[in-house]
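Chains as they are written, first to last, in our numbering: chain X, 62 to 179; chain C, 95 to 207.
Hints may be right or wrong, so weigh each one.
[To be verified] Using C-beta positions, here's what the derived DEER-type ranges look like:
{"#": "1", "chain 1": "C", "residue 1": "103", "chain 2": "X", "residue 2": "144", "range": "25 to 31 Å"}
{"#": "2", "chain 1": "X", "residue 1": "70", "chain 2": "C", "residue 2": "148", "range": "44 to 50 Å"}
{"#": "3", "chain 1": "X", "residue 1": "142", "chain 2": "C", "residue 2": "163", "range": "17 to 23 Å"}
{"#": "4", "chain 1": "C", "residue 1": "99", "chain 2": "X", "residue 2": "137", "range": "32 to 38 Å"}
{"#": "5", "chain 1": "X", "residue 1": "175", "chain 2": "C", "residue 2": "147", "range": "42 to 48 Å"}
{"#": "6", "chain 1": "X", "residue 1": "101", "chain 2": "C", "residue 2": "164", "range": "25 to 31 Å"}
{"#": "7", "chain 1": "C", "residue 1": "148", "chain 2": "X", "residue 2": "88", "range": "25 to 31 Å"}
{"#": "8", "chain 1": "C", "residue 1": "157", "chain 2": "X", "residue 2": "90", "range": "25 to 31 Å"}
[Said to hold, decoys possible] With a straight-line cut-off of 20 Å between C-alpha atoms, the simulated EDC-like cross-links for lysine to aspartate or glutamate are:
{"#": "9", "chain 1": "X", "residue 1": "105", "chain 2": "C", "residue 2": "133"}
{"#": "10", "chain 1": "C", "residue 1": "162", "chain 2": "X", "residue 2": "147"}
{"#": "11", "chain 1": "C", "residue 1": "204", "chain 2": "C", "residue 2": "121"}
{"#": "12", "chain 1": "C", "residue 1": "136", "chain 2": "C", "residue 2": "178"}
{"#": "13", "chain 1": "X", "residue 1": "105", "chain 2": "C", "residue 2": "178"}
{"#": "14", "chain 1": "C", "residue 1": "204", "chain 2": "C", "residue 2": "97"}
{"#": "15", "chain 1": "X", "residue 1": "105", "chain 2": "C", "residue 2": "109"}
{"#": "16", "chain 1": "C", "residue 1": "136", "chain 2": "X", "residue 2": "102"}
{"#": "17", "chain 1": "X", "residue 1": "105", "chain 2": "X", "residue 2": "124"}
{"#": "18", "chain 1": "C", "residue 1": "162", "chain 2": "C", "residue 2": "111"}
{"#": "19", "chain 1": "X", "residue 1": "112", "chain 2": "X", "residue 2": "101"}
{"#": "20", "chain 1": "C", "residue 1": "95", "chain 2": "X", "residue 2": "124"}
{"#": "21", "chain 1": "C", "residue 1": "136", "chain 2": "X", "residue 2": "133"}
{"#": "22", "chain 1": "X", "residue 1": "132", "chain 2": "X", "residue 2": "147"}
{"#": "23", "chain 1": "C", "residue 1": "204", "chain 2": "C", "residue 2": "178"}
{"#": "24", "chain 1": "C", "residue 1": "95", "chain 2": "X", "residue 2": "129"}
{"#": "25", "chain 1": "C", "residue 1": "162", "chain 2": "C", "residue 2": "109"}
{"#": "26", "chain 1": "C", "residue 1": "204", "chain 2": "X", "residue 2": "101"}
{"#": "27", "chain 1": "C", "residue 1": "95", "chain 2": "X", "residue 2": "118"}
{"#": "28", "chain 1": "C", "residue 1": "204", "chain 2": "X", "residue 2": "129"}
{"#": "29", "chain 1": "C", "residue 1": "136", "chain 2": "X", "residue 2": "79"}
{"#": "30", "chain 1": "X", "residue 1": "88", "chain 2": "X", "residue 2": "133"}
[As the list claims (entries may be wrong)] Listed next, the stretches of chain C that the computed footprint assigns to chain X, with coverage defined by at least 3 CB atoms under 8 Å from CB atoms of chain X:
{"#": "31", "region": "101 to 108"}
{"#": "32", "region": "116 to 129"}
{"#": "33", "region": "136 to 144"}
Honestly, the hints are just simulated from the structure, not real lab data.
Predicted model only: the values in this text are computed from it and were never measured.
Idealized CB from N, CA, C, for every residue including glycine.
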Amino acid sequence: NAGVMQNPRHLVRRRGQEARLRCSPMKGHSHVYWYRQLPEEGLKFMVYLQKENIIDESGMPKERFSAEFPKEGPSILRIQQVVRGDSAAYFCASSPGTGGGKGDNEQFFGPGTRLTVL
Amino acid sequence: KQEVTQIPAALSVPEGENLVLNCSFTDSAIYNLQWFRQDPGKGLTSLLLIQSSQREQTSGRLNASLDKSSGRSTLYIAASQPGDSATYLCAVITSSGTYKYIFGTGTRLKVLA
């Protein structure tokens, strides 16, 4: 059972370009979370999605950032018109669900995508 | 609003020492607490997960305890080795809301050979 997959692992963009980060959850997981780790800072929650639904986007910047988790395919975190301050590691995590069973809420993290904005 | 603090921010110890890393949180209504390890430029490796009904978890040389009432968790590392050098992160999942993880800023550990 493959773990959470993220691609690309490294992404370089110039200011003003768009960045698309992909996350494939573990098999059988229907919940996806995105976190951002700015240089020398801790990980911060950005958004929580289930298939075709955004459940909690309280950590997403109001502009330029969007996320989706379509019925088929990976979850996408999209950053439009990137700026240098967007340079960070972006981690995706998945979980089976939010039931009451043991481990339902444990999140499994991908290796991250390191975005560098020139 | 849940806040997670880790002390110390950095720690340097000689090989073989037993050490304790601390994590405190402001809202005791948590669902889980989890300890991770992060190597420089790498992803997260899960070490131990403690559910709110548990007091501790053990794995090899690692032992994590949880005291919800005081808002504290400790990660105990026995007989430290240079390979333990990494940043250790604790994260809590609050029992209200959407089960997102709230991370501390980490303790950067260096074990000297």
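Evaluation of the provided hints:
1. For the pair residue 103(C) and residue 144(X), the beta carbons lie near 28 Å from each other, so the given range of 25 to 31 Å is met.
2. Our hint of 44 to 50 Å for residue 70(X) and residue 148(C) is violated, since their Cβ atoms are close to 35 Å apart.
3. Under the hint 17 to 23 Å, the C-beta atoms of residue 142(X) and residue 163(C), about 47 Å apart, miss the expected range.
4. For residue 99(C) paired with residue 137(X), a C-beta distance near 33 Å keeps the hint of 32 to 38 Å intact.
5. In this structure the supplied range 42 to 48 Å is violated for residue 175(X) paired with residue 147(C), their Cβ-Cβ distance being about 37 Å.
6. For residue 101(X) and residue 164(C), the Cβ-Cβ distance of about 29 Å falls inside the hinted range of 25 to 31 Å, so the restraint holds.
7. Roughly 27 Å separates the CB atoms of residue 148(C) and residue 88(X), a value that falls within the hinted 25 to 31 Å.
8. Between residue 157(C) and residue 90(X) the beta carbons are some 29 Å apart, a value that agrees with the proposed interval 25 to 31 Å.
9. Between residue 105(X) and residue 133(C), the direct Cα distance comes to roughly 18 Å. Compliance with the 20 Å bound is thereby established for this hinted pair.
10. For a cut-off of 20 Å, the pair hint linking residue 162(C) to residue 147(X) is broken: about 35 Å separates their Cα positions.
11. Of the supplied pair hints, the one linking residue 204(C) and residue 121(C) is violated, its CA atoms being roughly 30 Å apart against a limit of 20 Å.
12. Between residue 136(C) and residue 178(C) the alpha-carbon distance is near 14 Å, which keeps this suggested pair within the 20 Å criterion.
13. In summary, the hint linking residue 105(X) to residue 178(C) is not supported, as the alpha carbons are separated by about 24 Å, beyond the 20 Å threshold.
14. At roughly 25 Å between alpha-carbon atoms, residue 204(C) and residue 97(C) are farther apart than 20 Å, so this suggested pair is violated.
15. Taking the CA atoms of residue 105(X) and residue 109(C), the gap is about 32 Å. The hint is violated against a cut of 20 Å.
16. Only pairs whose Cα atoms come within 20 Å are accepted, and residue 136(C) paired with residue 102(X) is accepted, the gap being roughly 14 Å.
17. Taking the CA atoms of residue 105(X) and residue 124(X), the gap is near 17 Å; set against the 20 Å cutoff, the hint holds.
18. Distance check on the hinted pair: residue 162(C) and residue 111(C) sit about 27 Å apart at the alpha-carbon level, beyond 20 Å; violated.
19. Our distance criterion of 20 Å between C-alpha atoms is broken by residue 112(X) and residue 101(X), whose separation comes to about 32 Å.
20. Taking the CA atoms of residue 95(C) and residue 124(X), the gap is near 23 Å; set against the 20 Å cutoff, the hint is violated.
21. Using a Cα cut-off of 20 Å, the hinted pair residue 136(C) and residue 133(X) is violated, with the two alpha carbons roughly 28 Å apart.
22. Taken as a hint, the residue 132(X) and residue 147(X) pair is broken in the structure, with Cα atoms around 28 Å apart against an allowance of 20 Å.
23. For a cut-off of 20 Å, the pair hint linking residue 204(C) to residue 178(C) stands: about 8 Å separates their Cα positions.
24. Under the criterion of a C-alpha separation no larger than 20 Å, the hint pairing residue 95(C) with residue 129(X) is inconsistent with the structure, at around 26 Å.
25. For a cut-off of 20 Å, the pair hint linking residue 162(C) to residue 109(C) is broken: about 31 Å separates their Cα positions.
26. At roughly 16 Å between alpha-carbon atoms, residue 204(C) and residue 101(X) fall within 20 Å of each other, so this suggested pair holds.
27. Of the supplied pair hints, the one linking residue 95(C) and residue 118(X) holds, its CA atoms being roughly 16 Å apart against a limit of 20 Å.
28. Restraint check: the Cα-Cα separation between residue 204(C) and residue 129(X) comes to about 39 Å, which exceeds 20 Å; the hinted pair is violated.
29. Our distance criterion of 20 Å between C-alpha atoms is broken by residue 136(C) and residue 79(X), whose separation comes to about 24 Å.
30. Pair hint residue 88(X) plus residue 133(X) holds up; C-alpha atoms about 13 Å apart against a cutoff of 20 Å.
31. Only residues whose beta carbon comes within less than 8 Å of a beta carbon in chain X count, and the region 101 to 108 of chain C has 0; fewer than three means the coverage is violated.
32. Taking a C-beta to C-beta cut-off of 8 Å, the region 116 to 129 of chain C contributes 3 residues in contact with chain X, enough for the three needed, and the coverage statement holds.
33. Check on the region 136 to 144 of chain C: 5 of its residues sit with their Cβ under 8 Å from a Cβ of chain X, so the three-residue criterion for coverage holds.
Checked against the numbered hints listed earlier, the structure breaks hints 2, 3, 5, 10, 11, 13, 14, 15, 18, 19, 20, 21, 22, 24, 25, 28, 29, 31; every other hint is satisfied.
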